[in-house]
Amino acid sequence: MNSKMRLMSNIESLLFVSGEDGLTKKQLAFLTSGAEEEIEVILQEMIEVYQTNQSRGIEIKQLAGTYQLVTKQENIECIQKLVENPTNQSLSQASLEVLAIVAYKQPITRVEIEEIRGVKSERPIHTLSAKGLVQEVGRAEGTGRAILYGTTNEFLQYFGLKDIHALPPLPEDQSGDDMEDTDLFMTKFQETFEG
Amino acid sequence: MNSKMRLMSNIESLLFVSGEDGLTKKQLAFLTSGAEEEIEVILQEMIEVYQTNQSRGIEIKQLAGTYQLVTKQENIECIQKLVENPTNQSLSQASLEVLAIVAYKQPITRVEIEEIRGVKSERPIHTLSAKGLVQEVGRAEGTGRAILYGTTNEFLQYFGLKDIHALPPLPEDQSGDDMEDTDLFMTKFQETFEG
Amino acid sequence: MSYEVKTEAFEGPLDLLLHLINRLEIDIYDIKMAEITEQYMEHVHAMRVLELNEASEYLVMAATLLSIKSKMLLPIHQDDDIDDDFDMDLQDPRDELVLRLIEYKKYKEAAENLHEMEETRSLYYSRPPTDLSEYQSSKQLELLELDANVYDMLGAFQKMLRRKQLNAPLHTRVSKQEISIKAQMKNVIEVLKKGGGKLSFYELFPMRDKNTIVTTFLSLLELMKRQIIQVEQKSNFEDLFVHLRKEDIESEFEDEIDE
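Chains as they are written, first to last, in my numbering: chain A, 3 to 197; chain B, 3 to 197; chain C, 131 to 389.
Note that these hints are calculated values from the structure, not bench results. For glycine and all other residues, C-beta sits at the position ideal for the given N, C-alpha and C. Any given hint could be a false lead.
Pair by pair, the computed Cβ-Cβ distance ranges are [as the list claims (entries may be wrong)]:
#1 Glu39(B) <-> Thr54(A): 27 to 33 Å
#2 Glu40(B) <-> Glu42(A): 38 to 44 Å
#3 Gly162(A) <-> Val43(B): 43 to 49 Å
#4 Leu172(A) <-> Gly146(B): 25 to 31 Å
#5 Asn4(A) <-> Ile49(B): 19 to 25 Å
#6 Lys107(A) <-> Glu76(B): 36 to 42 Å
#7 Ile166(A) <-> Gln91(B): 25 to 31 Å
#8 His167(B) <-> Ala278(C): 49 to 55 Å
Taking beta-carbon pairs under 8 Å as the criterion, some of the chain C residues facing chain B (in silico) [stated by the list, open to error]:
#9 Leu144
#10 Arg251
#11 Leu262
#12 Pro336
#13 Thr342
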């Protein structure tokens with residue numbers, strides 16, 4: 003495989019995983035170990051290819067210095083259909099993420115939720131409020147006095163929880179815990195042998 | 003633009019947007035207003051094209067019952083440079099054992115899992131539930147009505163499986179093997195006598 | 131003083147037994163009970179089991195091994211018709227254990243396969259679905275049925291974490307053991323005597339300190355090996371009971387146990 007093709011392939015992979023954040027020419031050069039000028043030329047060629055190839059449904063958009071992959075405008079119709087199609091799961095995924103964050107970190111502001119998720123979360127918060135699963139529980143100190151969100155009684159009912167403490171512990175450190183025990187155990191093991 | 007190219011473009015857009023949720027052939031047919039058979043053929047062609055074109059960095063895979071766009075394996079190096087923590091936190095040995103038992107024997111209760119492993123398994127079961135890899139799929143008959151566990155869609159996604167039947171067969175039962183040998187021996191024995 | 135070591139860990143008594151069978155190159159269908167029991171005891175002795183749950187499981191297996199070993203030492207009744215004995219498929223005391231080991235081994239191997247699949251899967255990435263809620267009317271969103279349980283919520287959270295790839299390295303340091311096994315053996319006997327010669331396993335572990343738990347456990351093993359105590363369990367995962375078999379053991383004790 004020649005190096006230009008490899009770079010193109012790398013760039014497509016990188017833009018694919020970087021999502022809405024996109025990547026700058028500089029970042030792409032660093033990540034692919036290519037020269038910036040070379041990356042620039044290749045990106046221009048890729049932009050051209052994506053645009054003109056009619057069997058491609060995505061293209062590269064240059065926005066505020068970053069490059070990102072987006073769907074082609076002409077396919078908006080079928081994407082709109084996807085939005086309206088109830089089989090779409092991403093909506094509930096977004097709602098469940100927000101709900102988990104509110105449940106475990108309450109009281110919490112919208113901005114804090116968005117920091118954790120890394121994406122705007124106005125819509126899912128709105129949905130969850132409308133469903134009565136989260137509610138305003140107060141206002142944050144300081145300027146702006148942002149709304150603080152918390153879960154409702156209905157939330158407990160919906161998930162069959164006695165109270166908020168009945169929530170299972172967050173999985174975050176669990177695998178870590180397991181490792182710790184094993185390490186400790188094995189350290190002891192070794193100690194005895196060597197001791 | 004011919005209809006095949008339009009369908010390809012639509013499919014790429016849709017798969018891009020739906021990300022790790024993916025879409026089934028049926029959903030793709032519905033969303034693109036194409037015929038299912040036609041979509042099937044086009045998908046096969048697209049899979050082939052993505053794979054063989056060396057300047058492409060993404061490809062189509064069948065995961066957890068849906069078609070999904072994923073990055074090509076050969077680009078893992080530069081992608082790992084992009085993600086914050088490339089050391090993928092893999093599952094602990096305990097979790098993997100429990101998961102193997104659940105995967106092959108589902109639906110199964112905690113006590114049954116513990117009988118096979120010879121150790122308490124509450125914690126790995128909890129970790130696996132929290133990671134969305136196993137779930138409650140019902141209750142056992144009889145007193146106690148113990149929780150029955152099974153694998154999830156996320157399990158398929160996590161291990162790169164098309165569906166649950168794509169699991170490799172359970173490693174051979176050795177006693178079965180030996181028995182077969184004995185049978186063979188006995189047959190030969192018999193044959194010699196009768197022949 | 132502290133150590134930082136990583137070696138092979140065992141997933142319970144069955145895993146340890148498989149390891150020993152493998153290392154000693156023993157035929158799983160013809161396990162040399164004396165050899166395996168001795169090795170098992172040695173290993174478990176050396177291991178410092180942390181959790182009470184696990185400790186009891188290793189202990190039960192120790193008891194099982196000792197029991198099988200002693201059954202195998204019993205002479206086969208030769209007074210009956212010898213031909214009968216020869217023909218009859220005599221129940222081998224090891225049978226049940228062998229079946230359990232084989233069953234467990236299958237899933238242990240399946241777990242290895244899963245681990246390989248996990249590694250392969252980690253070589254390619256998908257992307258999270260695009261958040262399309264922007265294009266959705268609020269009315270549609272409100273109508274959307276949320277059909278989820280707590281674990282779906284946790285699963286969603288997990289997916290998000292994976293996206294964010296959060297992690298913190300772990301370093302665990304351990305301090306050296308403080309109570310000697312010998313001292314703890316004496317303690318255990320004292321406690322058993324006070325308890326009328328029979329106590330539940332858990333009553334022997336009133337303290338929370340991990341080191342003490344470990345030492346107590348090891349002292350139990352030693353006492354078992356010397357047949358000073360006996361451990362009983364009615365069925366899997368039920369409470370263990372510890373019996374004192376010999377009341378007056380002081381003299382023998384003093385000479386024998388040496389560190």
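(request) State the violated hints by number, sorted upward, taking the hints as numbered earlier in the document. (result) 8, 12 and 13
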